[in-house]
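Take these sequences, add in the hints, and give me the full structure.
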Amino acid sequence: MHIVVCVKQVPDTEAPIRIRPDGTGIEESGLSFVMNYYDEHATEAGLRLREQFGGTVTLVSVGPERAREALRTGLAMGADEAILVTDPQLDRADPVGVARVLAAVIRTLPYDVVLCGKISTDDNAGIVGPALAEYLGVPQATAVARLEVDAAGSRALVHREVEGGVEVLSVPLPAVLTVERSLNEPRYPSLPGIMKAKRTPIRTLTLAEVGLAAPAPRAVLARLESPPARRAGRIVQGDADDAVREIVRFLREQARVL
Amino acid sequence: MDFQLTDEHRMVQAAVREFATREILPRAADLDQTGAFPADLIRRAAALGLMGMIVPEEYGGAGMDAISYVIAQEELARASAGLQTIITVNNSLVCDPLVRFGTDEQKRRYLPRLCSGASLGCYCLTEPAAGSDAMALQTTARRDGDHWVLRGTKVFVTNGVEADVCIVYARTGPEPGGRGLSAFIVEKSFPGIAVGKVEKKLGITCSSTAEIVLDDCRVPADNLLGEVGMGGRIALSTLDGGRLGIAAQAVGIARAALEEATAYAATRRQFGRPIGEFQAIQFALADMATRIEAARLLLYRAAYLRQRGVRHTREASMAKLFASETAMWAAHRAVQIFGGYGYVRGYPVERYFRDAKITEIYEGTSEIQRLVIARHLVQAT
Amino acid sequence: MGADVWVLVEHSQGSPKRISLELLTCGRDLARATGGRLVAVVPGAGVQPVARAVASRGADVVYAADHPLLEPYTTDGYTTVLADAVREEEPAVLLVGSTAQGRDLAPRLAARLEAGIVTDCTSVAVQDGALVATRPMYTRKAIATVRVDGGGLRIAVVLPAMYPVAPPAERAAEVRPWPVRLEAAAIRTQVQEIRALSRDTVPLVEADVVVSGGRGLRGPENFALLDELARALGGAVGSSRPPVDSGWVPHDYEIGQTGKTVSPQVYIACGISGAPQHLAGMSGSKYIIAINKDPNAPIFQVADLGVVGDLFEIVPKLSQAVRAAKASP
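If you read the sequences in order, they're chains A, B and C.
Residues 5 to 262 (this note's numbering) make up the first sequence, in order.
Residues 641 to 1021 (this note's numbering) make up the second sequence, in order.
Residues 183 to 511 (this note's numbering) make up the third sequence, in order.
You may find that some hints are simply not true.
Said to hold, decoys possible - Now the in silico label distances, taken between C-beta atoms and shown as ranges:
1) C/266 x A/253: 54 to 64 Å
2) A/253 x C/402: 25 to 35 Å
3) A/56 x B/813: 56 to 66 Å
4) B/909 x A/96: 52 to 62 Å
5) A/55 x C/432: 38 to 48 Å
6) B/909 x A/213: 29 to 39 Å
7) A/26 x B/644: 24 to 34 Å
8) A/235 x B/919: 23 to 33 Å
9) A/22 x B/644: 41 to 51 Å
10) A/36 x B/869: 45 to 55 Å
11) A/36 x B/801: 36 to 46 Å
12) C/349 x A/213: 10 to 20 Å
13) A/36 x C/361: 49 to 59 Å
Said to hold, decoys possible - Covered stretches of chain C (in silico footprint by chain A; criterion: 3 or more residues with CB under 8 Å from a CB of chain A, positions within the stretch not fixed):
14) 282-291
15) 310-322
16) 364-375
17) 429-443
18) 480-486
Hints are computed from structural coordinates only; laboratory data are not their basis.
Cβ coordinates follow ideal geometry from the N, Cα and C atoms, glycine included.
Quick look at the structure:
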């Protein structure tokens, strides 16, 4: 089975974010970048499918040079190959544009399943997976919380978390699946894996090599600003009955839910 | 000169930090309180390649360099110094001398299982009457046919309870100091070796510290490590690496103390504002951060020399001395910043305080490190 | 190109979902700005009751896209029908709720139609012909304003609880059947079943009151205390990540970076320390009440009312007091 996993490098969610004074984006200097959390789950899902069916796991990323490191992490987890599409012209690409680039690369590869994270933790957009499925012309399942592929490798039975329940969906392969974090527990890159990743070359492609022109993004970031700060309110200490009285008063007078 | 970590170093750091933060840290207080050997975590660590980091891949190790090794040890110690002790002993004091001095057959027999977690190693050098003066040890080994027969008592053996592969130093000849010593690979299953008294300790409680009693223990001649009379050389060169592991442990403890103190200073309010806004606290944090950075740079440089095969006894001692005293000092400052909360169980800083102390003692006390450094200075003039 | 604003109506058991009624409020303002009509589009099978319900909520016209193959929701079925409809009528804006269905559908539709799309919107407006939306980014550590310029369709996927529910209108809009052309073969996936997770409280993302528990709950059995409080307040129960990771509560309880984003009127955090990853999912709440025994818990820095104390003592008494208050207003 040939498995493609789409990987994005994002700022570490634990790191503080500094917004550029002109509001055009974030300060990247000093920021640590990691593989998008959900993409780790996608990589893990790919590795498990390979363990079950044999085959290959190929990572594909669209991003700046530094995204190489996220691919190395995936290789250290056990992926076989990695491809990075990097091009200054892609700096302004919106998620739909990124999906177009990914599709152009993946079309040239053999694939039975394409796995993506449900969202990326930087922009939370959740656009790339379904848009990629559309460009590849294959079916999709998003927010997959459980995944089983039949013995023939021809259909996936997935559980999707929907409001108030679970949807059980049968998807013919090839397909694009975006994964939820409850799908699995990603393995840590092992140290021998890191050594192997160091020796695995990462194929680098420009936009021209992918056969695409510069993207014309439809959605453009106009401004980035800090959220309105929440201020700490009143603190109540002391006896439980007093506390309960305070909360009830708050619920009635301020929050007005009583 | 290049102060950048390589991609590989950063990946090791990220991978071990994540493992330590997610798997070890939530259990660190519990491991400290119960003192129970964390067999499951050691298995997980082994699966990641942490038990044989510097062992070549052909023998089942991760094949990493010394800088990767100290980076990983810092991350582990930041989460739990006790757990890191177990791991660093297996790496520095057991796998490392096997890699350097073992025969191919010995390496094939012992390294894969020490790396995979199937076996655990310990290092038997110190004796009741031979601590800082390790070369005065009195355990004897006499040749008996195709066996050596070992007799004596070893103390303060880290991992002594759980380990099944022991590197044991014994006197094989009348020559003074290290030249009369030899090193042996002794399995716990050999007849005549037993665990004696198990110590209760101030800190690093989840690693065992035990007496190992050799009562005419019969060791096959094939299990001589290196050659007869090489014991002193093996012990000293092993300690250079061991000291890097302890220095990394000290940096990890110090960093943990700084991180806790910084977070506390930002949230703890007194006199109407976070205590981190008071200069007394700020200066303490600044001094902690500066000393930790200095300790880490000494450590990285000593590791760099080690991986280039350059003699680094002086640098390893300096790193170990400075890092261990930094750990003790930083833990002390952290307890002070926490005030009463620093003295009670519940916040981790009192644990750092207890754990830090051992780094000034084992694998050469601070006094011994100063002697080693001074000896190099005198030799150089 | 037209100037109409479309709202995709989601529904269950014959009623529109609350998010869709919120979108009608948002869409009303947008339609005023574009000078177009506000159109509610209701795909499904047997959707007349839903169509009639939204007709009296301020839409100018309702399209009932009734077809047996549109129930249950499938990506292929909905994408085909909506893409055809958009190509025919050329609306300026399509509003979709940020739900499991909306997030599945909207990006695919955008790719098919070469439309501009922005997801996770906390507000949507039309300025100088461009669609302008705000959305949180970087774990809510930043708020982005995104412009979608150019012609053609613009799709905004809007978070729940950002707009009030559209009030009943005096006049009901006309409900028009939308001619659906859909072949069974076009739908490649097969919905085998939808397993309802029984919850006797309101859905988390729709709740006005969310009572949420963290590590301080100490065990799964203690979530019953929160259930009781949530029932008393007519709210829903959620959790931070540790209880989910420990297996105390199911994954769909999780609020935060890796879980749901909620914006209730009141959020009551019990035994939650307030890690940034959790704050990412709830700091958009109107009011926050925190109960924690650790006076240094970071949650107190965002709480409007912070109570330092033992939740095991406070929460049961609070449930009782709330019931008493409701009984005698």
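Cross-check of the supplied hints:
no., hint, result
1, C/266 x A/253: 54 to 64 Å, "holds (56 Å)"
2, A/253 x C/402: 25 to 35 Å, "holds (32 Å)"
3, A/56 x B/813: 56 to 66 Å, "holds (59 Å)"
4, B/909 x A/96: 52 to 62 Å, "violated (44 Å)"
5, A/55 x C/432: 38 to 48 Å, "violated (27 Å)"
6, B/909 x A/213: 29 to 39 Å, "violated (57 Å)"
7, A/26 x B/644: 24 to 34 Å, "holds (29 Å)"
8, A/235 x B/919: 23 to 33 Å, "holds (25 Å)"
9, A/22 x B/644: 41 to 51 Å, "violated (22 Å)"
10, A/36 x B/869: 45 to 55 Å, "holds (50 Å)"
11, A/36 x B/801: 36 to 46 Å, "holds (39 Å)"
12, C/349 x A/213: 10 to 20 Å, "violated (56 Å)"
13, A/36 x C/361: 49 to 59 Å, "holds (54 Å)"
14, 282-291, "holds (count 8)"
15, 310-322, "holds (count 7)"
16, 364-375, "holds (count 6)"
17, 429-443, "holds (count 4)"
18, 480-486, "holds (count 5)"
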